[in-house]
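Novice: Letter by letter, the chains look like this.
There are 2 protein chains.
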Amino acid sequence: MMVKGIQLQLCGFVTQRWNLKPITSLSFSSLSPISYPNPNPNPSLKLLPTPRTTRFAPFRASSSLQSSGNVRSIKFCQWCGGSTKHDIPDGEEKLRAICTLCGRIAYQNPKMVVGCLIEHDNKVLLCKRNIQPSHGLWTLPAGYLEIGESALEGAVRETMEEANADVEIISPFAQLDIPLIGQTYMIFLAKLKKPHFSPGPESSECQLFSLDDIPFNSLSFSSMVVTLSLYVEDIKAGKPKFHYGTIKKRPGTSPSDIRAYTLDHHMHT
Amino acid sequence: MMVKGIQLQLCGFVTQRWNLKPITSLSFSSLSPISYPNPNPNPSLKLLPTPRTTRFAPFRASSSLQSSGNVRSIKFCQWCGGSTKHDIPDGEEKLRAICTLCGRIAYQNPKMVVGCLIEHDNKVLLCKRNIQPSHGLWTLPAGYLEIGESALEGAVRETMEEANADVEIISPFAQLDIPLIGQTYMIFLAKLKKPHFSPGPESSECQLFSLDDIPFNSLSFSSMVVTLSLYVEDIKAGKPKFHYGTIKKRPGTSPSDIRAYTLDHHMHT
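Protein chains in written order, with the working numbering: chain A, -9 to 259; chain B, -9 to 259.
Bound conformation, chain A alone:
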């Protein structure tokens, strides 16, 4: 199952021992600007190598995902069918949907999106989405983690479903939280077991891109821009690291602007 959308939020801090970028909330945006490849206004896939913009780049929202945290949309108990009330339970601080019949609480929690960044012959494998949202735009194979599987297993499964590619996981590459839409991306570096891939039902095309040819101007989600930007930086610096960060929607920008984000609390090995 492909990812249905993307977006962003945040707050926080961070420090020592790792190579940590300082707080990158908007008020600190002049500190240690994180740069990403400049989106090419030319609709062709070729990305201009430089110059690079500062950190404010992609994100794309899906209305269905934006409502993932809307507790008031839960009107009935899924276990007994009773009507719910919306209240803050004793000892808690958040508004919850509580069944007026059986008393059970319908907790809502963020979802994990797992995927693979597949390296092959100094290229990476991308899929062109054959479904909405972001139909026709490029993504890494990724989708929601299912109950009963590990993040690693889920990433391998999604890659098989979307690219018919049998991969071997190399290492975790990035954990990217997108609090506003209740998603956390977990991207693994992977390699093809055999040099075969083809589009699955949710993809119209699968293609290997050299780093200079990654279609930054035609990516589906902010998470993909962040992931691929960090990867390109890492490779140019020598080798991939592990990254943690929060993708936060830049206030006042269009939900459809996948470049309107900040990467906050960025930490890497």
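Hints listed in this document are in silico derivations from the structure and should not be mistaken for laboratory results. There could be a bad hint or two in this list.
No copy labels: a pair is met if it fits in one copy or bridges any two.
Said to hold, decoys possible - Straight-line C-alpha distance at most 25 Å; calculated DSS-like pairs for lysine-lysine: (1) LYS226 - LYS65; (2) LYS65 - LYS75; (3) LYS229 - LYS183; (4) LYS231 - LYS181.
With the hints as your guide, set chain B onto chain A.
Specialist: Leaving out everything else, chain B in the frame of chain A:
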């Protein structure tokens, strides 16, 4: 909100570039055994420094969490109140609860548990649980991630709630998937902003433990045994790494035996 339980499952592979431990499923258990501190049969908190056992150690299950993936327990649509049917939707492979009135699907996904491993004066901060399950046993401050917050923010919040400790995040330390109960732990290294802490409502006690005094025999969950074992190993080897792994329940063992697990697909920086 504290974690309500713990457990395990898995399958997979793994390779190069990072220091990767080979496949650690049961059939490969004789390869590269992962060792953890030997649980001290003495009920005092003092842990014997050596010998160390092989990888088979903790886990503790909560019946409420074990049912987290039980799609058949979803009998009504939480949005329209219609009865559900349990079927595999077109284009999918998993059994889902589908509303017979509005057609919406109630997806169930794994939950993230976020927490802090707080370092202070060469000691770590643990909380004694004042709630079930695992009442009276020791845990890191941790709980379910909420929609609207990043993993980092959630870990900081839980630490404040359970230990009244204001912490600063140092780095990600471990991602541990527990597929059988649909949980993923994300543990961050952290430090106290001020040397103050005290038990919150869900804790009866908070205490700093030197590494040799960590109560491995009185921990609440397998995830805590894994996290603290890896941490002790890392510190003894020089410095903390970032770890990814899957905690899998060892077949045929009691659900209450928190040491009956394997750590599979273990990768670290």
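Novice: For every hint, state whether the structure bears it out.
Specialist: Going through the hints against the structure:
1. LYS226 - LYS65: neither (51 Å within a copy, 53 Å between copies)
2. LYS65 - LYS75: This pair counts as both: shortest intra-copy Cα distance 8 Å, inter-copy 19 Å.
3. LYS229 - LYS183: Answer is within: at 21 Å inside a copy they meet the 25 Å cutoff, but 33 Å across does not.
4. LYS231 - LYS181: both (16 Å within a copy, 23 Å between copies)
Taken one by one, the earlier hints fail for this structure only at number 1.
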